[in-house]
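Engineer: Chains as they are written, first to last, in this note's numbering: chain A, 1 to 459; chain B, 1001 to 1804.
Any given hint might turn out to be false.
Computed cross-link-like contacts, SDA-like style, restricted to lysine to any residue with a CA-CA straight-line distance of at most 25 Å [said to hold, decoys possible]:
{"no.": "1", "chain 1": "A", "residue 1": "K75", "chain 2": "B", "residue 2": "R1374"}
{"no.": "2", "chain 1": "B", "residue 1": "K1134", "chain 2": "A", "residue 2": "P6"}
{"no.": "3", "chain 1": "B", "residue 1": "K1088", "chain 2": "A", "residue 2": "S204"}
{"no.": "4", "chain 1": "B", "residue 1": "K1088", "chain 2": "A", "residue 2": "K235"}
{"no.": "5", "chain 1": "B", "residue 1": "K1062", "chain 2": "A", "residue 2": "R362"}
{"no.": "6", "chain 1": "B", "residue 1": "K1087", "chain 2": "A", "residue 2": "Q381"}
{"no.": "7", "chain 1": "B", "residue 1": "K1139", "chain 2": "A", "residue 2": "M370"}
{"no.": "8", "chain 1": "B", "residue 1": "K1134", "chain 2": "A", "residue 2": "Q377"}
{"no.": "9", "chain 1": "B", "residue 1": "K1062", "chain 2": "A", "residue 2": "W227"}
{"no.": "10", "chain 1": "B", "residue 1": "K1403", "chain 2": "A", "residue 2": "D400"}
{"no.": "11", "chain 1": "B", "residue 1": "K1403", "chain 2": "B", "residue 2": "E1085"}
{"no.": "12", "chain 1": "B", "residue 1": "K1062", "chain 2": "A", "residue 2": "G74"}
{"no.": "13", "chain 1": "B", "residue 1": "K1062", "chain 2": "A", "residue 2": "F68"}
{"no.": "14", "chain 1": "B", "residue 1": "K1088", "chain 2": "A", "residue 2": "L375"}
{"no.": "15", "chain 1": "B", "residue 1": "K1134", "chain 2": "A", "residue 2": "V198"}
{"no.": "16", "chain 1": "B", "residue 1": "K1134", "chain 2": "A", "residue 2": "A197"}
{"no.": "17", "chain 1": "B", "residue 1": "K1134", "chain 2": "A", "residue 2": "F68"}
{"no.": "18", "chain 1": "B", "residue 1": "K1403", "chain 2": "A", "residue 2": "S204"}
{"no.": "19", "chain 1": "B", "residue 1": "K1088", "chain 2": "A", "residue 2": "V198"}
{"no.": "20", "chain 1": "B", "residue 1": "K1087", "chain 2": "A", "residue 2": "V198"}
{"no.": "21", "chain 1": "B", "residue 1": "K1062", "chain 2": "A", "residue 2": "F60"}
{"no.": "22", "chain 1": "B", "residue 1": "K1062", "chain 2": "A", "residue 2": "R137"}
{"no.": "23", "chain 1": "B", "residue 1": "K1088", "chain 2": "B", "residue 2": "L1043"}
{"no.": "24", "chain 1": "A", "residue 1": "K404", "chain 2": "B", "residue 2": "E1058"}
{"no.": "25", "chain 1": "B", "residue 1": "K1088", "chain 2": "A", "residue 2": "F385"}
{"no.": "26", "chain 1": "B", "residue 1": "K1088", "chain 2": "A", "residue 2": "P257"}
{"no.": "27", "chain 1": "A", "residue 1": "K235", "chain 2": "A", "residue 2": "G74"}
{"no.": "28", "chain 1": "B", "residue 1": "K1062", "chain 2": "A", "residue 2": "M370"}
{"no.": "29", "chain 1": "B", "residue 1": "K1062", "chain 2": "A", "residue 2": "P6"}
{"no.": "30", "chain 1": "B", "residue 1": "K1310", "chain 2": "B", "residue 2": "R1280"}
{"no.": "31", "chain 1": "B", "residue 1": "K1134", "chain 2": "A", "residue 2": "P61"}
{"no.": "32", "chain 1": "B", "residue 1": "K1062", "chain 2": "A", "residue 2": "P61"}
{"no.": "33", "chain 1": "B", "residue 1": "K1396", "chain 2": "A", "residue 2": "S204"}
Derived from the structure by calculation, the hints contain no laboratory data.
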Amino acid sequence: MAEFQPVLTARWGDPEAATLHGYERTGGYQALRKALSMDPAAVIEEVKSSGLRGRGGAGFPTGTKWSFIPQDTGKPVYVVVNFDESEPGTFNNRELIERDPHQLVEGAIICAYAVRCRTAFVYCRGEFVWPGTVLERAIAEAYEAGYLGKDILGSGFDLDVILHRGAGAYICGEETALLESLEGFRGQPRLRPPFPAVEGLYRSPTVINNVETLSCVPHIIDRGARWFASIGAGKSTGPGIFSVSGKVNRPGNYEAPMGTTARELIEGHAGGVRDGKRVKAWTPGGSSTPLLTAEHLDVQMGFDEVQAAGSLLGTKAMIVLDERDCVVDAVLRFTQFYAHESCGKCTPCREGTWWMTRVLRRVEQGRGRMEDIDLMQTVGQNMLFKSFCALADGAVSPIDSSIKYFRDEYEEHVRLGRCPLREESPRLEAASARSGGTTGALAQVLPEGIEVELGEVLG
Amino acid sequence: MSDPGPVTLTIDGKEVTVRAGTLIIRAAEELGIEIPRFCDHPLLDPVAACRQCYVKVEGQRKLMTSCSTPVADGMVVFTQFTDEEVKKAQTSVLEFLLINHPLDCPVCDRGGECPLQDQALAFGPGESRYVEAKRTYRKPLPLSPLVALDRERCVLCARCTRFCDQISGDRFIELFDRGAAEQVSIAPGEDFRSPFSGNTIQICPVGALTARTYRFAARPFDLVTADSICPHCACGCNLRVDLRRGEVVRHLARDNVEVNDAWLCDKGRFAFSFSDRPDRLTTPLLRERGLEPVSFAEALSAIAGWCRGKPVGVLAGGRLSDEDAYALSKLARTTFKTNDVDHRLGSSDVSAVEAETGMAAANPVTYRDVERARLILVVGLDAENELPILHLRIRKASRRGAKVFVIHPRRTRLWDVAEHRSCLPGEEAATATSLRAELAGAGAEAVVLAGPRLLQSPGAAQAMATLAAETGARFVLLCRRAGDRGALRAGLHPALLPGGRRVEEDDERAAVEVGWGTLLPHEPGRDAARILEAAAHREIEVLFLVGVDPLRDFPDATLARRALENAPFKVVVDASAEAMSSYADAMLPAAPYLEKDGHYTDWEGRAQRLRAVRPPKGLARSEWEIFQELSETAGADMGFRSLDDLHEEMANLYQSAALGVRGGPAERRGSGDQPTQPSGAGGTRHPEKPPAGSELILFSYPLLIDEGRLSDGADLLRDALEERPFVEIHPADAERLGVADGRPVRLQTAAGRAELPARVTDGIAEGAVFVPWNQPGFAANTLLSGSAITAASVEPSAAEASAG
């Protein structure tokens, strides 16, 4: 097989790539011209046969999603770009936008053309102040150049793109919560069915796609579905950007064919574990996917392959822990994140994530009981697949998988009454000092009982 | 919409056939299988938030929430009774709900009647595995003077917030924050000023929302509970009355999908103290030197003496039971031989008799008709203030897709669901003709709800009835108070006898004469205004005031005062002593709704059974018993030995009237059967002398919460919802007259003057000003001359003018 040439990140070295000029100079917006000359159905067909699967985590075939959009409802069709990238360990959308925003804009226009949408929205994570600004600029440039607005490139196709900034909620990456938020309501997931393809934004047919997914689209149109499908492994076609972070020498985003092994990404691209230590555990797709261990480094990073190994590809975000890291502490931090970000709508998630943070903190601080380990497992089972959306399932993943692979480490915490790795990990001292009184705005609302992690949410 | 047809499924091995679209949880109820739930409420949209109602559906990977999953043909469902996984899931949700719940049941108002308590007992884990500190909040959070929130008890089912969003539309409360800190709350500085706020308390499945009228007042097991009907307005809400040691401690709504669904307005819920007030009349009083307690026999024989051979006039309030109204109607006609009887105060429209006749004889529109209508025209009605549960039904219809039009001089709370057409008071009917095409388009699926405001403008009610008839719409002339419809049917009306029979039509009168075995006066009598005029001129010597206080209720305070000053004898029949003791010559203690059997007929014409919840206080008794005894004392026994006697007689007269092909008013009109006006109609009114410079039309009607006597004692209700008096004026008029929002203005009419703060709003028609009927320190009838519409001049108050 020929050596892989970067596709999505091909322009990343180019300081001008974020500008219209730089983008056009390197072939930008040629795919759009081509797409506009095609029948919309042919565009969908092309994307379908490329095998492109959604990069937001669920891996749903993108072309199929587009083909679900009914055209006879008398309502407008909407395209929504999910740029609410918030999964811990995941940062490829952000860099894609910062370095090559027009690639997304072009992909979004092609998508809109294919599903006959005339108004598209980009839902931008609230904290992404700078990336949002870069994208805003790119959208403005695209309008100026006639790639957006009325009668795009003389094709008769009109499209407006509106960038909407979120207010800082992980849950708004969940597509129906995103739609609620976009409509101006509380960011909480909606009851499904109806599914967004039928009744999404403003109860109209809606396509929601991830930034990386849409960034693939111009290349599929440009170079053809066959070319795209030739990259990757199994049913995971095309290139993918892998965010590698944690205890590696060169954390960052690395583009590689889907199905590349974790070992190649961690040891090759990211330069291996720092200080010559060994991998202890890693997440394949952000903190909401079950942890894997050094045993699993030869797993191919494709949707089905990772699932077969007992985890999920998720957002292709690999957080690497080494042998000095306390798994209990890491899981506690993950769980605190989910307790922060639980929207509160449904019982198992709201109460379960809260409960788990308390048990985990006790265990991590050496105040655990042996039965707490089983307790966490059963509470996790009571949350899994029983909450309104997948957030709680994600919250259970690190807990459940860490107990599966590192039960002895939990037991050691209980037996010793302290973290067995404490001496080697001075950070934990600071971590254990984290818990304390309430702060900020929260204190005015909830003077007692609520501890610091909720204070951080509200403060 | 085509009916998708029935669907058959199996739940726990039992087959059940239900309508397509039914939710599994409802289908299970049909089989008597109760699936535990918190967020589910049959009148709210599914939210599937609490996750308590899990069931297993064959072929589905995950458990399904039965509150949000519709049935499908051939579906096989297992509940907690047949599936261990379901049972375990439900138990675990209860465990989650309880980890942060304070378990303060022994001091919680809900203890003993709490869905959380009940379901935790039935389906929950016996012990908690939670050993951490529980989440706590400052408590209680006062949402309003009526509603308190204890957030630590809340299970975040969002029933309350969804009620406000979907049912009342008063979105004062909302979920705030997120995750474990999610909580129901209200914007800082705001009060939960919804007249439906109490419903959130009743549907709260835990003790999080409590009524400040009931907090720590009782335990469910020391309550005596009885069914009743709300005595306030004509909505006919089904009540549950809870008494503790004989005193009412709360009203709750009883479910009745034909009437009030599951709701009450806050007046119906919280204004219940009036029958336990210290000023309850418990014995007959007779004026000797002062008002002295006497026996019934003594009082009645004195009254019979006054009436012998003297002209008698009878005014009745709108809150008599059907039986009381009937007995009074018969008493007036047979004992006092007069048609000078009226329950309508200030509705001066003689031409409305025809429309009223229709309402007395038929039930043309029901709640269900409103709910299923395609088009609703609300005209001359401020539904939220006047018929609050009908207001909710209109909103419900709108959610179901009905197009709603409101024609009213003042914007109503239907503004967000209706197309509002403003008009000057009195121009409602004329404005409605602009909707002829829309009405005709909807045909029989259109409903015209004609409110009491129409009766202020001669011809308006009839014009609306005609428009409805011509376009095929259903028409109802609404009445406002609980007893109004029953009073109309009973003939507490100068021109109408029981069953809507007209006094002056010989054959119609004859039917009543046969029933009563006596000849009746065949001239229509005086209406309320003319009865008061006659009393003022001593043409009426004995004035019966049955549950009515003309000084408050009649739209001409001066005339009412003159009548009371000049009439030689005033006989008051009422439950409360205080208000009328200054002028009454005899007072007879009537039993309030709690203490009598009978019926109330709601605006639909639906008669609903009222039962005695407790024995009468002191010597109080039902009005019909008083009237019966009086008839005996006066030597004209009406012959009512029991309520059954009354019912038999009423049924005969009412049924034959309904069978008598009376039809609706339109039908009658079509037959060329024009009613003639009662003789002397419109006779001696106050001549309207509009003060110089009058340019505005002042109108008034009662707001839901006011100084009305049935709200006496409901101090928290008044704290929460009673508005201070005000005058509403359109910005254009305000600018022209130099009136500023919030500043005092002087109102001048032919009858009087008042100084009130201005409320400048484009919610009122230009050229009109509105004052509420009876707010603290202000009674609109001091400005009126017999009608609730009058000419007025408005100017900034003197102090303002000089300051300006």
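Engineer: Each of the hints needs a verdict: does it hold here or not?
Structural biologist: Hint-by-hint comparison with the structure:
1. A:K75 x B:R1374: holds, 23 Å
2. B:K1134 x A:P6: violated, 53 Å
3. B:K1088 x A:S204: violated, 38 Å
4. B:K1088 x A:K235: Given that 25 Å is the threshold and the Cα spacing comes to 37 Å, the pair is violated.
5. B:K1062 x A:R362: violated, 32 Å
6. B:K1087 x A:Q381: holds, 14 Å
7. B:K1139 x A:M370: violated, 36 Å
8. B:K1134 x A:Q377: holds, 21 Å
9. B:K1062 x A:W227: violated, 38 Å
10. B:K1403 x A:D400: Violated, at roughly 54 Å.
11. B:K1403 x B:E1085: violated, 47 Å
12. B:K1062 x A:G74: violated, 34 Å
13. B:K1062 x A:F68: holds, 24 Å
14. B:K1088 x A:L375: Holds - the C-alpha atoms of L375 of chain A and K1088 of chain B are around 15 Å apart, at most 25 Å.
15. B:K1134 x A:V198: violated, 42 Å
16. B:K1134 x A:A197: violated, 42 Å
17. B:K1134 x A:F68: Answer violated: K1134 of chain B to F68 of chain A is near 47 Å, above 25 Å.
18. B:K1403 x A:S204: This hinted pair holds, its Cα atoms lying about 22 Å apart.
19. B:K1088 x A:V198: Not satisfied, since the Cα-Cα distance of roughly 34 Å exceeds 25 Å.
20. B:K1087 x A:V198: violated, 34 Å
21. B:K1062 x A:F60: It holds: about 19 Å lies between the C-alpha atoms, which stays within 25 Å.
22. B:K1062 x A:R137: Roughly 45 Å between the alpha carbons, so the hint for K1062 of chain B and R137 of chain A is violated.
23. B:K1088 x B:L1043: At roughly 28 Å apart (the allowed maximum being 25 Å), L1043 of chain B and K1088 of chain B break the hint.
24. A:K404 x B:E1058: violated, 30 Å
25. B:K1088 x A:F385: holds, 13 Å
26. B:K1088 x A:P257: violated, 44 Å
27. A:K235 x A:G74: violated, 36 Å
28. B:K1062 x A:M370: violated, 31 Å
29. B:K1062 x A:P6: violated, 40 Å
30. B:K1310 x B:R1280: Not satisfied, since the Cα-Cα distance of roughly 30 Å exceeds 25 Å.
31. B:K1134 x A:P61: violated, 44 Å
32. B:K1062 x A:P61: Holds. K1062 of chain B to P61 of chain A sits at ~22 Å (cutoff 25 Å).
33. B:K1396 x A:S204: holds, 23 Å
Figure legend: structure checked against the earlier numbered hints; hints not met, in rising order: 2, 3, 4, 5, 7, 9, 10, 11, 12, 15, 16, 17, 19, 20, 22, 23, 24, 26, 27, 28, 29, 30, 31.
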